[in-house]
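**Student:** Chains as they are written, first to last, in our numbering: chain A, 1 to 332; chain B, 1 to 332; chain C, 1 to 332; chain D, 1 to 332.
Everything labelled a hint here was simulated from the structure, so no lab data went into it.
Glycine included, C-beta positions come from ideal geometry on N, C-alpha and C.
One thing to keep in mind: the hints can contain errors.
Stated by the list, open to error - Covered by chain B, according to a simulated footprint, are these stretches of chain A (three or more residues, beta-carbon under 8 angstroms):
| no. | region |
| --- | --- |
| 1 | 17-31 |
| 2 | 35-45 |
| 3 | 210-219 |
| 4 | 278-286 |
Said to hold, decoys possible - Dumping the calculated DSBU-like pairs for lysine-lysine here, alpha-carbon to alpha-carbon at most 30 angstroms:
| no. | chain 1 | residue 1 | chain 2 | residue 2 |
| --- | --- | --- | --- | --- |
| 5 | D | K37 | D | K172 |
| 6 | C | K96 | C | K141 |
| 7 | A | K166 | A | K182 |
| 8 | A | K141 | B | K238 |
| 9 | B | K238 | A | K282 |
| 10 | B | K96 | A | K238 |
| 11 | B | K238 | D | K110 |
| 12 | D | K72 | A | K282 |
| 13 | D | K72 | D | K172 |
| 14 | A | K182 | A | K37 |
| 15 | C | K96 | D | K37 |
| 16 | D | K182 | C | K172 |
| 17 | A | K96 | A | K182 |
| 18 | B | K110 | C | K182 |
| 19 | D | K37 | C | K282 |
| 20 | A | K238 | B | K282 |
| 21 | D | K182 | D | K96 |
| 22 | A | K96 | D | K141 |
| 23 | B | K72 | C | K141 |
| 24 | D | K110 | A | K141 |
| 25 | B | K96 | B | K110 |
| 26 | B | K72 | C | K182 |
| 27 | D | K238 | A | K96 |
There are 4 protein chains.
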Amino acid sequence: MNSFGRIFRVSIYGESHGPSLGIIVDGCPSGILLEEKDLEPDIQRRNPPLEGTTPRKEDDRPQLLSGVYGGKTTGSPIHMMFANTNIDSGVYEAFKDVPRPGHADYTARKKFGDFHDTRGGGHFSGRLTLGIVAAGVVAKKMIAPISIQARLTEAGGSTHIQEAIKRAQKAKNSIGGIVEGKAVGVPVGLGEPFFDSVESVLSHILFSIPAIKGVEFGSGFRSVQMTGEEHNDRIIDKDGTTESNHSGGINGGITNGNPLLFRVAVKPTASIPQMQRTINLKTGQLTDLEIQGRHDTCIALRMPVIVEAATAIVLADLMLLEQRTPRIEPSS
Amino acid sequence: MNSFGRIFRVSIYGESHGPSLGIIVDGCPSGILLEEKDLEPDIQRRNPPLEGTTPRKEDDRPQLLSGVYGGKTTGSPIHMMFANTNIDSGVYEAFKDVPRPGHADYTARKKFGDFHDTRGGGHFSGRLTLGIVAAGVVAKKMIAPISIQARLTEAGGSTHIQEAIKRAQKAKNSIGGIVEGKAVGVPVGLGEPFFDSVESVLSHILFSIPAIKGVEFGSGFRSVQMTGEEHNDRIIDKDGTTESNHSGGINGGITNGNPLLFRVAVKPTASIPQMQRTINLKTGQLTDLEIQGRHDTCIALRMPVIVEAATAIVLADLMLLEQRTPRIEPSS
Amino acid sequence: MNSFGRIFRVSIYGESHGPSLGIIVDGCPSGILLEEKDLEPDIQRRNPPLEGTTPRKEDDRPQLLSGVYGGKTTGSPIHMMFANTNIDSGVYEAFKDVPRPGHADYTARKKFGDFHDTRGGGHFSGRLTLGIVAAGVVAKKMIAPISIQARLTEAGGSTHIQEAIKRAQKAKNSIGGIVEGKAVGVPVGLGEPFFDSVESVLSHILFSIPAIKGVEFGSGFRSVQMTGEEHNDRIIDKDGTTESNHSGGINGGITNGNPLLFRVAVKPTASIPQMQRTINLKTGQLTDLEIQGRHDTCIALRMPVIVEAATAIVLADLMLLEQRTPRIEPSS
Amino acid sequence: MNSFGRIFRVSIYGESHGPSLGIIVDGCPSGILLEEKDLEPDIQRRNPPLEGTTPRKEDDRPQLLSGVYGGKTTGSPIHMMFANTNIDSGVYEAFKDVPRPGHADYTARKKFGDFHDTRGGGHFSGRLTLGIVAAGVVAKKMIAPISIQARLTEAGGSTHIQEAIKRAQKAKNSIGGIVEGKAVGVPVGLGEPFFDSVESVLSHILFSIPAIKGVEFGSGFRSVQMTGEEHNDRIIDKDGTTESNHSGGINGGITNGNPLLFRVAVKPTASIPQMQRTINLKTGQLTDLEIQGRHDTCIALRMPVIVEAATAIVLADLMLLEQRTPRIEPSS
């Protein structure tokens with residue numbers, strides 16, 4: 001279950017406060033330049049030096065432990081690991097019995113029994129997205145010159161993001177946001193009508209990123225207020241260029257060569273520095289809970305690079321799948 | 001690619017105007033009552049007798065061709081087939097060179113070469129959802145007493161659906177809509193944090209249904225305007241019941257026992273009875289195209305039963321996956 | 001479970017005496033010439049007009065029901081179906097309680113409960129290999145000019161096959177045999193060290209063919225009596241040609257360009273026209289059982305074309321997987 | 001490709017002389033006692049203190065880096081890593097151009113280009129079976145009280161194993177062997193007729209172990225000299241006990257509750273301390289090659305624990321798959 005992809009396949013492991021976390025990338029072609037320092041810029045972007053993300057120091061130095069030789073990928077699985085040096089075990093054990101609202105404490109307890117590692121969210125932690133970002137760097141190299149960019153376009157319902165975050169911090173509260181993703185230079189023909197449409201595969205990985213609760217392509221939810229005449233993108237060039245891009249670059253589940261466009265909804269951070277009402281599962285009594293520590297006011301700030309990585313992973317896989325098809329064109 | 005699911009696994013095949021289409025359901029437990037007539041009510045619901053769906057007669061009689069013996073499933077693959085009796089080959093061949101706006105003609109041509117069966121949309125046709133509906137009937141039986149209901153809540157931006165459709169018909173245009181899905185009685189613990197969250201797996205199949213361009217869970221895109229305090233669902237009972245349900249019944253990718261809630265955006269039908277501008281791929285000249293025949297004004301009208309089927313297929317698979325886990329509770 | 005392959009993927013369904021059986025081939029490239037009559041020669045080979053196979057008339061006419069348009073594959077799933085016209089329900093129901101020795105009656109009863117379709121072996125029937133043979137025809141076309149040949153080299157421990165069969169028939173008994181497979185023209189580089197070695201993937205499908213109980217590659221079991229010096233195949237040409245072929249054309253799980261060689265052991269037919277001792281599962285009493293009807297004296301006679309088909313399916317998949325790898329050769 | 005299993009899923013990574021190698025076990029239930037020291041006995045067995053295995057010191061200390069908390073599995077992926085401290089890079093680079101007979105040098109060069117890590121065999125090294133042994137320990141705990149035992153029954157064609165090895169060492173040669181595997185206490189009903197028969201799945205992983213070139217179940221290749229009357233195992237008890245076990249405990253691909261029996265052929269070690277003829281791929285000239293260092297005279301000595309681990313991994317997966325099946329027995 002902790003794997004994603006058919007040919008370019010990532011497998012994630014680890015916990016927030018266990019010894020390590022990381023990712024294995026299988027199916028990457030050989031001969032791609034890859035060093036540990038190549039991973040750093042995107043890993044840094046995951047920790048933006050902005051208000052609204054936690055100042056807690058995380059040890060995010062990647063270790064490249066297999067699949068690379070002489071600075072190039074070998075074609076064998078690439079293992080990228082992050083050691084967890086900042087381990088705090090004390091705080092979290094209580095959440096097994098007194099689940100934090102909006103968190104996975106209750107569901108993890110029910111699914112995995114008393115054995116779940118609750119520390120820092122354990123395997124559910126957003127810290128596991130470090131592996132996704134690292135795999136995304138490999139994928140981006142593989143799919144070059146496709147260019148992927150994601151950005152936070154609003155937070156807390158406002159496009160004045162820093163102000164919205166400051167307001168939320170003052171109110172000891174948290175906010176969500178919208179991240180827009182765009183990929184340019186995507187070849188025509190990636191994806192399948194059933195069941196691996198580009199929307200299907202991309203939404204699959206996006207919805208596994210903690211806090212993402214909505215995904216739309218092209219005009220998405222706005223398309224329900226449009227007519228067919230308005231929504232249909234007119235093809236204006238033999239290369240498939242369309243006048244508008246309401247379809248988000250995808251028809252029938254398959255890329256059409258126009259920019260791939262999508263938006264994701266990031267819910268507000270569940271951990272807020274307020275007293276919250278919840279239940280004690282052992283006693284059955286309602287109780288008040290205050291979550292200690294520093295937490296992101298707006299987790300959406302970290303999302304752009306994660307969303308880019310997820311997109312790159314999907315495109316790498318779809319490209320390897322598509323190259324397989326030796327279409328035989330008719331002779332006449 | 002035409003398969004979905006890990007244990008309860010469906011494989012779709014067929015074209016709109018070829019000899020047949022259908023679905024194979026693998027991994028269904030033995031001993032479930034199943035007859036051809038059980039399939040009919042949901043298949044009828046896919047053809048609602050409302051304005052806005054095409055009056056074209058489709059032969060939708062299901063044939064149950066394997067995996068059932070003595071009126072019960074045997075545990076072997078269940079094959080459900082639909083013969084295509086209403087085959088019209090004449091109209092569609094032209095769309096290879098003159099792609100219809102908003103359709104998959106261009107992408108199919110590029111992906112599959114000159115060999116794609118364009119008739120009625122071929123393998124891209126919405127008619128293939130017949131198989132999904134049939135598999136959904138099997139899945140619903142398997143997951144009983146879980147109850148799944150989907151309904152069209154708005155069309156063309158209006159909650160007066162029939163009026164909106166009539167307006168669109170008069171205007172020789174088409175409209176989209178919103179379908180809300182709800183599953184009640186879902187056990188706690190289905191789904192995984194990475195990469196098979198309930199949102200991931202459900203969105204995967206939903207986005208393979210033609211015309212769906214957005215999926216959100218719980219408050220979804222509205223959650224970005226909420227604070228954490230507002231969005232966090234307070235647990236008010238030992239059984240996990242929450243006061244609100246902004247998370248849509250899912251925390252950390254795992255069902256929490258509250259109703260599973262989601263919404264999908266259905267774009268307006270691409271085929272409209274108007275002259276549309278497109279390009280001739282052979283000549284490179286812009287040209288006008290008029291799509292003949294009768295087409296749904298609002299394809300979203302057909303969606304509720306398809307969305308229900310997709311949800312049932314996902315829940316059947318997640319339930320079989322979860323039952324596997326022999327959790328060993330501590331003795332003390 | 002009834003699917004095999006990663007890109008070129010076959011899904012089997014059906015029972016021996018149910019309405020139909022067949023196979024779906026997904027992932028086949030578009031543009032390959034394919035008609036129903038192309039399937040017939042190999043399907044005929046599965047019914048060799050020799051003593052030792054049952055004279056029971058089977059209706060083996062294939063129906064090509066999707067994925068082909070204008071005589072060529074479209075890139076969509078190819079559905080090939082065989083109707084079962086010769087249905088006999090009477091004989092087999094008893095085997096649920098009185099399992100035939102050497103058959104799957106007991107295991108099927110335990111696995112699927114009382115719901116298993118026992119008629120003609122149900123889903124366990126060798127008749128399901130019709131689908132494999134049909135899929136093999138498609139695969140052979142795809143991998144041309146690779147040439148695959150399998151032949152029965154011995155039966156009942158003798159290389160005088162027809163005589164051995166006659167002896168067994170007289171003795172109201174049955175015999176097994178050895179089938180040797182060979183593929184020539186296989187490109188270098190197919191397969192993976194872990195876990196998808198050519199031996200792994202090919203043995204996987206071979207061992208799913210009823211009655212195959214042993215598989216060896218190259219010198220196989222004979223290699224345990226050889227020294228390393230004897231077994232090591234010396235490379236004598238830059239194209240990888242080796243002097244001997246003890247490895248069967250595979251090193252480190254990967255094809256080396258020399259002929260792919262393997263042998264399979266086919267056990268004697270379980271159904272024999274003798275009284276046999278077994279147990280009545282209901283009463284717990286030992287009992288004697290006589291299996292009615294005509295059965296193959298030597299099921300191995302049918303195997304060559306099935307083994308060829310299995311090999312072609314594997315090679316088609318491995319070739320599509322390998323073509324994906326855009327190795328970047330160094331510039332210098 | 002480097003993954004195996006459907007629910008209990010192992011993913012292998014690493015190279016012989018790179019920074020690390022290891023395995024990730026996904027799908028293991030929570031609550032199983034697991035510590036690093038539990039891994040040691042089987043890891044020691046992989047290095048038997050016998051003549052015939054290399055005296056080279058390997059650092060085989062396992063590190064348990066995720067998926068365990070408080071000495072028990074959590075249900076998250078279990079990462080077990082082995083650091084490579086004994087790295088020797090000098091010797092192997094030459095084998096890219098001058099491939100060792102019987103090794104994967106040629107096929108790796110052709111598949112992965114110039115980028116393959118040849119040191120110690122790289123990702124093809126038998127050292128990667130350390131991960132399989134470690135995962136086997138986890139699997140054995142999960143499937144208890146099933147008992148699995150494998151043993152070397154002959155080497156170099158002789159049952160006097162130590163003498164055969166001494167002879168081979170004196171002759172500067174190597175030998176292969178036969179390993180017999182047996183699993184007792186296997187429940188009835190594991191495996192599937194198509195395509196995941198027990199034979200299929202078990203042979204799949206066995207054939208990915210370097211040097212295994214033959215696999216047979218029950219009487220295997222000897223069954224081709226038996227009649228059906230001899231081969232058919234008579235059921236003599238309601239619990240499915242059979243008088244003989246020529247089928248190796250499997251009928252129709254499904255376990256029948258009798259001991260699971262199989263044999264594997266291990267070819268002689270390819271590295272021998274003799275001058276060998278091969279070709280220089282760059283010059284096209286035949287050349288003589290002497291492989292330096294100490295190498296196992298009989299790699300088959302290490303195999304029993306690896307074969308046990310592979311068997312345990314398969315049974316763990318099949319048991320989790322089978323537990324999923326909520327068969328509905330008829331009420332009457």
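**Student:** Which of the listed hints are broken here?
**Tutor:** 1, 2, 5, 6, 8, 11, 13, 15, 16, 17, 18, 19, 21, 23, 26, 27
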